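Q: Below, each chain spelled out in residue letters.
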Amino acid sequence: MFFENVDFSTLELPPAALRLREEVRAFLKAEIAAGAFTPHLGHTEFNAEFTRKLGERGWIGMTWPKRYGGQERSYLERFVMTEEMLAAAAPCAAHWFGDRQTGPSLLKYGSEAQKLRFLPAIARGECYFALGMSEPGAGSDLASVRTRAERAPGGWRVTGQKVWTSWAHKASAFFVLCRTSPDAGNRHDGLSQLIVELDAPGVTVRPIRFMNGHHHFNEVFLDSVFVPDEMLVGEIGQGWKQVTSELALERSGPERYMTTFPLFVELIRALGPAPDARAQEMVGRLAARFWTLRRMSLAIALALEPGADAGHSPDLGTEAALVKDMGTFYEREIIDAARLLAAVEPTPDATNTFERYLAETIVCTPVATIRGGTTEVLRTLIARRLLGPLK
Amino acid sequence: MNVPDEARLMLVESATRLFADHIDQKMLDAAKRDGWSEKLWQVLERAELPRVSIAEELGGAGGTLSDAAAVLRVAARYCAPVPLAETGMLAGWMLAGSGLAVPRGPLAAGPVHDETLTARRDGGRWIISGKLARVPWGRMAGRLALLARDGDRDLVASVDPAQCKITPGRNLADEPRDEVVLEDVVLPAADAVPAGAGVTREMLRYRGALARSIAMAGALERALELSVAYAQQRVQFGRKIGQFQAIQQELACFAGEVAAAVAAALSAAGVLERHAAGRAGHEDAMLAVATAKIRAAQAAHEGALIAHQVHGAIGVTDEYALHHSTLRLWAWREEFGNEAVWAMALGRAMHARGADKLWMALTKNQENT
Chain A
1 MFFENVDFST LELPPAALRL REEVRAFLKA EIAAGAFTPH LGHTEFNAEF TRKLGERGWI
61 GMTWPKRYGG QERSYLERFV MTEEMLAAAA PCAAHWFGDR QTGPSLLKYG SEAQKLRFLP
121 AIARGECYFA LGMSEPGAGS DLASVRTRAE RAPGGWRVTG QKVWTSWAHK ASAFFVLCRT
181 SPDAGNRHDG LSQLIVELDA PGVTVRPIRF MNGHHHFNEV FLDSVFVPDE MLVGEIGQGW
241 KQVTSELALE RSGPERYMTT FPLFVELIRA LGPAPDARAQ EMVGRLAARF WTLRRMSLAI
301 ALALEPGADA GHSPDLGTEA ALVKDMGTFY EREIIDAARL LAAVEPTPDA TNTFERYLAE
361 TIVCTPVATI RGGTTEVLRT LIARRLLGPL K
Chain B
1 MNVPDEARLM LVESATRLFA DHIDQKMLDA AKRDGWSEKL WQVLERAELP RVSIAEELGG
61 AGGTLSDAAA VLRVAARYCA PVPLAETGML AGWMLAGSGL AVPRGPLAAG PVHDETLTAR
121 RDGGRWIISG KLARVPWGRM AGRLALLARD GDRDLVASVD PAQCKITPGR NLADEPRDEV
181 VLEDVVLPAA DAVPAGAGVT REMLRYRGAL ARSIAMAGAL ERALELSVAY AQQRVQFGRK
241 IGQFQAIQQE LACFAGEVAA AVAAALSAAG VLERHAAGRA GHEDAMLAVA TAKIRAAQAA
301 HEGALIAHQV HGAIGVTDEY ALHHSTLRLW AWREEFGNEA VWAMALGRAM HARGADKLWM
361 ALTKNQENT
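Which chain is which? The protein sequence lines are A and B, in order. Under this note's numbering, the first residue of the first sequence carries the number 1, and numbering increases by one thereafter. Under this note's numbering, the first residue of the second sequence carries the number 1, and numbering increases by one thereafter.
Looking at chain A on its own, in the form it has when it is part of the complex (with noise of 0.2 Å):
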């Protein structure tokens, strides 16, 4: 019924995987004694130096073939860089959307062209992207964008408006996924996605300020902008199947149950070696969920290796859906726990670690639940798949 074709008693780590983590570790170690950056939970943080530093170690789209820069590492290798860097709460945001989303899209969809100009520069921690996705009428529905691309010459006119874009105002360019023919019936069809320039003539970036004064998101206003044909990614009309096959790809890595993480570290310091009954039993609740939300995050990077034993790869999409909707849950968990154990008031600016840590997952809570699937979107998907057709 569920992970069928997964063997969960070998389920392990390869050695080249557990070099890693100490390098990583090492490396994290160093530079946060060097004051290189200073952990924040919440959303990550933009940080071009960090992320540069990961592009000369080759930490970088690790898994990309490397005539496109990448190292040809295993996904359980990235898997192990995305976890430490979840877990040291280290500033990923300027290299994690090329990293994690449109890199992967340009080595599946891209032109050689594209895979030669972008994939290298992302790599190399020096090339920032953004993603288009949603917009004020299209957010969870997102097959109902209204931005649209008209045919020009050598290109396209780009028209109309995208939100929650995320560093949008210190990113290169982002993928903008419009409309490219009309919506004639079909709405999944005619849908493309185009790479826009940032600073091309014509786009707009304004903030988005979040509840408590952060700017990471932004509106961007696209004015008749022109993109030529060469920066059409994929097919003209298969957006839609590109960008699903994207979010399938990539729903339940260590980003969707860690980003609280460091929280349940300092809970534990908080609260010393011999805490009473009531801590010890949610401490070990909390540590029982990890453990398995890990088990699970695990079975299904690996059942993306695109091995020699392709065709025995299981399947696991609904099992990947339901790691993101436990894990956003699970994130909550620990914040919960925190407060409840610690009773101390969340403060922003405050000098001890786990104060701090405590006011700035609290407000961002209600992300992640939003983000990349709403729990109510992904339920839905789920109960399709386990009910079938229902007519």
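Simulated from the structure, these hints should not be mistaken for lab results. Since the model is a prediction, treat every value here as computed from it, not as a measurement.
Simulated pairs of lysine-lysine, PhoX-like, Cα-Cα distance not exceeding 25 Å:
no. : chain 1 : residue 1 : chain 2 : residue 2
1   : B       : LYS357    : A       : LYS29
2   : B       : LYS240    : A       : LYS391
3   : A       : LYS115    : A       : LYS66
Not close to chain B: a few residues of chain A, all C-beta gaps over 12 Å, as computed:
no. : residue
4   : GLY155
5   : PRO201
6   : PRO207
Every residue, glycine too, gets a C-beta built ideally from N, C-alpha and C.
Go by the hints and put chain B onto chain A.
A: Quick look at chain B alone, frame taken from chain A:
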């Protein structure tokens, strides 16, 4: 690729066929009265399923603990009313691990609570005494595998239940949970030997908790299957109830719980296997087993109630199949320690190690210890 080996896939396939062919509602109803199905047991014996994980030279099939776990998951999915876990994973393991023969027939293991049996030597024989509460399948067992205290060491004794005073008891699902009293039971010297390496009361408890976690995963799968099938058929307000988003959201949550229980329980079987082979530490074993029991029990709590909610009133009757699964879930989550007991133990261990070791403890790779 991380897929089960061919042998295990075949084992699961044949076990599934066997349980599907031999278990029906009538058998389960009769087992509520009789405590088990002897007929089913005979079928399992012929298929060599109870001793999958016992070494070949000791009368088993020579498989791994994960092979036994795979069979147990299927058995629980079909609510098999037989002492499968007790015979192979508990009693069989105790006997085989201590160099005693593993007899054919159903076996039971004890103590499963914190009682202590005492053993004393009397010339060429052993005399064993003590009282054990709620021994699973005690009265069905052809042989009892018992840990008994002899001074500062533990013995494993193979005891004929006819020598014990057994008072039948039962759990919520009418599975036998019997009181077993030994009043100066006399054993030939050869029937009680020092417990083999790794055969400890603690490990018996770990394996018991693992067995119940795996069984809960299987029972949850069945409860979800029944709920999905019901939502596909039942019509209210002119629509199949599965078309209502409220029902869809419940089923999706249920699915998550089931997937988590499966992942945690099967992972723990692998860790205990490596622990027995000296490739995983004691703390890893504890983390894995505690996680399995906590997560499966939580899933049992959430899942059983969602299953009943989706079914409405029909689900609570003794005519409808669902209760065979949900009664087992509610019984098994308490056996060998409930989620609170294991969570406290796990939490204590995490605190004792301290904040800076948490991440390391959770990511430790058992292969490399």
